[in-house]
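Could you slot chains B and C with the ligands onto chain A? The hints should help.
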Amino acid sequence: MTIGVCYFPEHWPRERWERDAEQMAEAGIEYVRLAEFSWAVLEPERGVYEFDWLDEAIATLADHGLKVVLCTPTATPPKWLVDRHPEILQADPDGTPRHFGSRRHYCFNSPVYRRETRRVVSEMADRYADEDAVVGWQTDNEFGCHRTVRCYCDDCAAAFSDWLRETYDDVDDLNEKWGTTFWSQRYDSFEAVDPPRPTPAEHHPSHLLDYRRFSSDSVVDYNRVHAEILRDRDDDWFVAHNFMGDFETLDAHAVADDLDLVTWDSYPTGFVQDRRAGAPSMDELRAGDPDQVGMNHDLYRGTNDAPFWVMEQQPGDVNWPPHCPQPGEGAMRLWAHHATAHGADAVLYFRWRRCRQGQEQYHAGLRKQDGSPDRGYRDAVAAASELADVDAAHVDAPVALLHDYDDWWAIDAQPHAPEFDYWEHARTYYRALRARGVQVDLVHPETDLSDYAAVVAPSLHLADDERAAHLREFVEDGGELLLGARSGVKTPSNQLHEELAPGPFADLAGVRVDQHESYPADVDLAVETDAGSRAVSVWSEWLVPDEDTETVATHTTDLAAGTPAVTRAPTDGGSVVYCGVWPGADLADELVSGVLSRAGVATTDRLPDGVRVNERDGLTWVSNFTSDPVAVDAPDDADFRVGESSLDGFDAAVVEAAASDLSVRRSP
Amino acid sequence: MTIGVCYFPEHWPRERWERDAEQMAEAGIEYVRLAEFSWAVLEPERGVYEFDWLDEAIATLADHGLKVVLCTPTATPPKWLVDRHPEILQADPDGTPRHFGSRRHYCFNSPVYRRETRRVVSEMADRYADEDAVVGWQTDNEFGCHRTVRCYCDDCAAAFSDWLRETYDDVDDLNEKWGTTFWSQRYDSFEAVDPPRPTPAEHHPSHLLDYRRFSSDSVVDYNRVHAEILRDRDDDWFVAHNFMGDFETLDAHAVADDLDLVTWDSYPTGFVQDRRAGAPSMDELRAGDPDQVGMNHDLYRGTNDAPFWVMEQQPGDVNWPPHCPQPGEGAMRLWAHHATAHGADAVLYFRWRRCRQGQEQYHAGLRKQDGSPDRGYRDAVAAASELADVDAAHVDAPVALLHDYDDWWAIDAQPHAPEFDYWEHARTYYRALRARGVQVDLVHPETDLSDYAAVVAPSLHLADDERAAHLREFVEDGGELLLGARSGVKTPSNQLHEELAPGPFADLAGVRVDQHESYPADVDLAVETDAGSRAVSVWSEWLVPDEDTETVATHTTDLAAGTPAVTRAPTDGGSVVYCGVWPGADLADELVSGVLSRAGVATTDRLPDGVRVNERDGLTWVSNFTSDPVAVDAPDDADFRVGESSLDGFDAAVVEAAASDLSVRRSP
Amino acid sequence: MTIGVCYFPEHWPRERWERDAEQMAEAGIEYVRLAEFSWAVLEPERGVYEFDWLDEAIATLADHGLKVVLCTPTATPPKWLVDRHPEILQADPDGTPRHFGSRRHYCFNSPVYRRETRRVVSEMADRYADEDAVVGWQTDNEFGCHRTVRCYCDDCAAAFSDWLRETYDDVDDLNEKWGTTFWSQRYDSFEAVDPPRPTPAEHHPSHLLDYRRFSSDSVVDYNRVHAEILRDRDDDWFVAHNFMGDFETLDAHAVADDLDLVTWDSYPTGFVQDRRAGAPSMDELRAGDPDQVGMNHDLYRGTNDAPFWVMEQQPGDVNWPPHCPQPGEGAMRLWAHHATAHGADAVLYFRWRRCRQGQEQYHAGLRKQDGSPDRGYRDAVAAASELADVDAAHVDAPVALLHDYDDWWAIDAQPHAPEFDYWEHARTYYRALRARGVQVDLVHPETDLSDYAAVVAPSLHLADDERAAHLREFVEDGGELLLGARSGVKTPSNQLHEELAPGPFADLAGVRVDQHESYPADVDLAVETDAGSRAVSVWSEWLVPDEDTETVATHTTDLAAGTPAVTRAPTDGGSVVYCGVWPGADLADELVSGVLSRAGVATTDRLPDGVRVNERDGLTWVSNFTSDPVAVDAPDDADFRVGESSLDGFDAAVVEAAASDLSVRRSP
Ligand SMILES: [Mg+2]
Ligand SMILES: [Mg+2]
Ligand SMILES: [Mg+2]
Ligand SMILES: [Zn+2]
Ligand SMILES: [Zn+2]
Ligand SMILES: [Zn+2]
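Chains as they are written, first to last, in our numbering: chain A, 1 to 668; chain B, 1001 to 1668; chain C, 2001 to 2668.
Just so you know, these hints were derived from the structure itself, not from any lab. Any given hint might turn out to be false.
[Stated by the list, open to error] Footprint (simulated), chain A over chain B, 3 or more residues, beta carbon under 8 Å: (1) 1323 to 1334; (2) 1352 to 1363.
[Unchecked claim] Okay, the calculated beta carbon distance ranges per label pair: (3) A/ASP94 - C/GLU2018: 27 to 35 Å; (4) A/TRP320 - C/ASP2448: 55 to 63 Å; (5) B/GLU1499 - A/ASP94: 44 to 52 Å; (6) B/ARG1084 - A/TRP320: 44 to 52 Å; (7) B/ALA1279 - A/ARG231: 51 to 59 Å.
Cβ coordinates follow ideal geometry from the N, Cα and C atoms, glycine included.
In isolation and in its complexed conformation, chain A is listed as follows (with noise of 0.2 Å):
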């Protein structure tokens, strides 16, 4: 397992550089990832290229035994090529272009722009296809950032239609899927169908889901142009491309599948400030939520189902939360073994060192802007020499989490509560799983299930015949299944099921949801479950069970006292547990244990909040989020490879032993 670093040559000196490899050398780094935004740079006017900076840079750093990977530059797209064609420029809903000056301001539809993409990938890729250093690529950068995956140009809107041509066998089709006789919305033709622009009220939810998959699927193409060039010029190097974290809008199961290497950016901090529910609080300011990060590493880890990357690790304090406090001591260390627990077999920081110019003048390195190191630098050193003796095969995961993006996308268009939040409504039943130190894959639901002990479905919101099939065949195999809340209600294309939910999965669940309901998040709901009364929130619905499923759980807020709110339909094979509601921490931990339990799936006592425990290849490793010591119970011939059994605040240690042989408490 190893270490690597950002770096961003053209921001400094030239006689910089040499020092600058040294150190990184020093510090125990193996790969630098260079020319990312650098388009402007290589090509300053249209068709002059200026690649012997870039040639020096790798050279320099080739000397002192350092591997690097190259970034297409097109996030970034110069001046000069906006001014001659500003048609490349993104739109908003209603227009308005998204100008020059700050990054991902082109089109991925834009046929002007990919042609520029063609030209600028083929020099980089001709001038380093014999480059040896080079060992591989991330395409563009963070596709997606500052919301830009949905476009509204007009490019966007012709190719929407072609999309739509492709999709639908003809234009009733549409029309019958959709479902448009509602409000009279039927299109006589594909060209008649407009990106959603603004309009009085709310958008048809499938058209919203369908511009959500199309504008997905125009970033999938867009990448596609960079790895088939990329690997048509060198067979050797990977491609690879840095996803972020809990992002709602780019379906990474199909980006990957033209990726060699998946790989992703990690700022743990910056997460709990403005991707979650709920004020972060002061040990989260410090390390973040370590499974707000974990279960982005287990999605990017099972998207491929190979190990993964993070190619930028948050160094220190960064410049775009809300809030920038000091990371806990020793956190940038943690945050490298934290991710090599779940998988990473590399971690790059960004940056190396800390930029002057322009929009990231806030965002630590690992060295300040004066060269000197600063504390990310030494948490870096520690994590590289304690990896550089790790050697860990691929995650082996017993249970699968399933996840699909168009189920985000669908009950994001209608969430029926503001706090309805599908990845959050996921993250409770994940977080529920690494409380008790269990190995989870994020999968698509079209995965083979056949190796899981396991599967917990969070919500299926769209499904039909053959996901149901898909998820039979598990069950009948002796598999156990938990179903939650907002399952099987709407087809594919985003219209409701003719029959109730759980719709097609009704019969395996054994179940009907008779009614659902949403409240606001403070008003307190319940369930009563064998062991007592279960905190329930937001989402509520009223189940009829089957003759021979049995109640697991039942409301006892007024209106729906006494009516079933989780069940339990017995197969030949495993069982189905149905969950009517947004369970709290208690009832979630309680359905879980119970799936692992009757799945014989090995787990540690509940673990304290924000203490986790991950195994990869016969090695566990112990992360400290908290800035309390904990104490590790292991068998006694159990070696920590890493630390020891008493950890500090934003500790973390390595042992050989399984996870749940060991139990975790915080020092007295």
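Only chains B and C with the ligands this time, still in chain A's reference frame:
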């Protein structure tokens, strides 16, 4: 009194229609509304009409004895029409078009759209002029929903100039009446006056008020296009429109002049969430606020001084409020009774069956999407059965509450406190009246007042001598008048009167406003009456009573302490109370009770919150909008026509007795 | 010292003018401002001038001994001009024009508008060049009000390119100074640089800063157009402009270079509501915050180091804040005294009479709309009478507080915490100084500092060696310097300095910033000084003192605990305190008191909140902005020129004594 339903046969296979009609007839349904939003189905291409499906739907319903109300389908112009004439689209103030993709995307002033409207309405009217089952029409649907009364397109700009030309003698007259010397806002011609587009600072209030009048008048004119064609074809059918609740931008008094029947759409649990200050209680999430709903009933009953219909009645959970709890057990029955009690002759539930397509999939129907009965169906059947035996004439109210849309628009343009909402302020007085079991007509200030014993005018903001003379006549005839804060401040053109407020009403009310102030809602303000200290909020006027005017309440808050806050002026006839504050519930009760007592209007004891009684033609309805049971004390010989003297939560009863002979209390 | 009023005779019948002038003279008014916003009345059609009404108004006033200040009427271009030249309108960043219908709708860079400005100003100046009653001019009105300093129209785009061309050697110089290598933001030409229009992500901070400079400079240039014409016609009259309070976007220092007299518009109870963090107390709703108001007085006095005027003084309740309580009894008199105490030579109430037309009908005048005296009138008469006897020279302040608009703009572009407001942060120090009764000049950092004993520089964010040398000279001459957080971070072009903060000031301050962090305002942070624990908030720097530098305060909050937070470096002259936190009131007092003490500046005991003393030319004003009475302890022989030693709520007194010889306490 009777029950109906809104039905969209075009969303379901024809094979189902016969069964639907049967089930409607069994349920006791009398009226079925059809063809709303059906333009694209009726005319799939321009000039190609397909009426056969509607013929068959009508025939099927008629065969089961059901009566049909048809809708002109203009709320949803089809895509082919928008593509051919994009100029029919509305525009936002900044010029952004309001595109196709939802509904209500047409401009009321578009000459093209008026021509197309005439065409499609004529075709429909011709088709069904001789069809006996069709008893009436709804024009369009919910004029102005989704903030569409006010459009800012080029057609509207031209129409506004024309409207001004008809309203003012010449442009000098406009300059004089508006007062355009201020900030050099003088106009040379009517053409020079634009719609109120984005400006650096706020708009001229006279400009704003006239644009609001013009916009409302544009809808009035557009509705008349429908009404004239429909009446021309068949004198027997009625012409109706379905208005909305707590709706500011359209003058229902003016639209109603062209209607035979006024109807509105009542969604109690949505209204408490999205158009009322303050978070709803759990009971209100279950059944709504009876005074919020009742005030709309009384407005639309008062509009043409005739029984009204609820054209759409909430049938269960709905899709558009932030949260969607299930209504209380029996709430759908309660609402039908409550509406009837307020003067409705028919209550149509929206909709027959939950729709599988488009924007309203989360909106319940009386039947679920699989055709099985939903919660509302059982309530509707009960209501139909109970109301079938009830026959009641028009409500006879002893009190008028004066309401003028122009006042609403003027105060909304210059609220002088974010919390000062004209309608909320008026509702304070309405609530006090309803809490005393008194029937109230909401009427325009120019209405003949001679039959009322008392008049409450919460805020007659715009005033002239004619309006003052009208009130003086009422008072001199012995009427009791309560005049609220901010009355008589402005001319009808929204200039400040040169004389101090209440301007033209000052002599009648025997008082002058020395100062006015506003405060955040959380600042505690109080006044003192003979009965003690009384909370008030947000708005405070310092009054100077005339010599013969009595002080009813005095400010007790620091700076204003000792200054009169409420006064009463005797006349040779009745007396005039002027209330210069926004009263809390207790002060409102005290003032209103005094007025009613002097006017000789019989009242109940103050009713519990959420429990109301309504008298109509010798019958009194008791409506319990709370989850607690209540007990009714009625005269010994009073016959309970529906229910009994003990009411469950969300229950209703009908008793043969005067409202003032009842008393209602929460059961112990 | 004297009193004046703003008057709009054109809003009232000519018959009234004579009486108005009489009443003004009786009230003790000396100055009357006229003709603001009067363009459409002066020139109703292009080239057709109507000056007779203004001639008559001036003559009427002059007959009563009143002096006239005229306004150029350019804040409100008439509709005929907009219709003829719509290109004069400003534009929002997305291109939406800022239309006619309010005020300030013209672009400062429009060549057409500059031509029209020259024309109308010349006509007016010619007309009144020989009119003795006209003593001076106000250019336009409140440049930049309603967020209009920054325009994004095509004329501005072209002017911005020109501005850049004049500012930088060539485009490579711009690329270098901005640092456009970041995110490929390199420009080929000055023409290629656009205004900061809507972009996917945030703008480049150097681009933003220069656009803010350019925008401010555009106003400076536009003001000069007025000033040159007016001076050319008559050397005797003064040229003034009326600035606004707490106003960020326009560099008053720069505009003032072209003015003879600096004035501003003071609305205390509005300011506490709409331009200050924290909800106002009831006392503040009644009289405002004396330090918020005072800081503007001291800014505009410091701008040209000369007495200033309050050109518009709040006369009572006003229309534009969220809420509009009546000012406290006497507050309008208090404000006139308080302004005079801070160095005003004249205070003009806005306006004479409440206006019946347009946007400001809810804005009080000294007289009500019916012509009768309003509350402010009585206060104004008292102030006029009391101030008539007071004659005081310019305020002589021993302390300078350094303020640079460029710093404000740079920090606003990258606040790094939503709560970090440059002006609020500076006000913390200002408040501490004023709470010790010390006079403060707010001056630009390049001001000659040699006459000051102490300098407080809350945040000298942008810095170069020249600025550092200027401060070094002050300190080495014996001056005491307090340098606050975020100083010396950036180059003048808004790049990060390569050396650690405080960059060019580091050697002088004897300290380096190791880390900086930000926190939500509700996170409790603290430091420890010799005096105990002291609350701080939002911003925290970890300091590394040089060997000879003393630690004054140490962080006590977890991660930073033990790290220096405030330091003091001795020099051969004075010493330099560096404060790396946003201090709470107690720490600010402790630091400021230390500086004043070392600098030998006499102070009062710490004054009660809301009570302030100001010394001017041997007289000391006591201003009580609270509703509680206060008692003044003065030397036995001190003469109370106005009031006495016991002050009521909202009262003022003037005593012949040094401020530091007084002590003030709330009466028991
Ligand atoms: Mg999918
Ligand atoms: Mg009216
Ligand atoms: Mg400056
Ligand atoms: Zn596009
Ligand atoms: Zn229009
Ligand atoms: Zn401009």
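Here is what the structure says about each hint:
no., hint, result
1, 1323 to 1334, "holds (count 6)"
2, 1352 to 1363, "holds (count 9)"
3, A/ASP94 - C/GLU2018: 27 to 35 Å, "violated, 55 Å"
4, A/TRP320 - C/ASP2448: 55 to 63 Å, "violated, 41 Å"
5, B/GLU1499 - A/ASP94: 44 to 52 Å, "holds, 47 Å"
6, B/ARG1084 - A/TRP320: 44 to 52 Å, "holds, 47 Å"
7, B/ALA1279 - A/ARG231: 51 to 59 Å, "holds, 58 Å"
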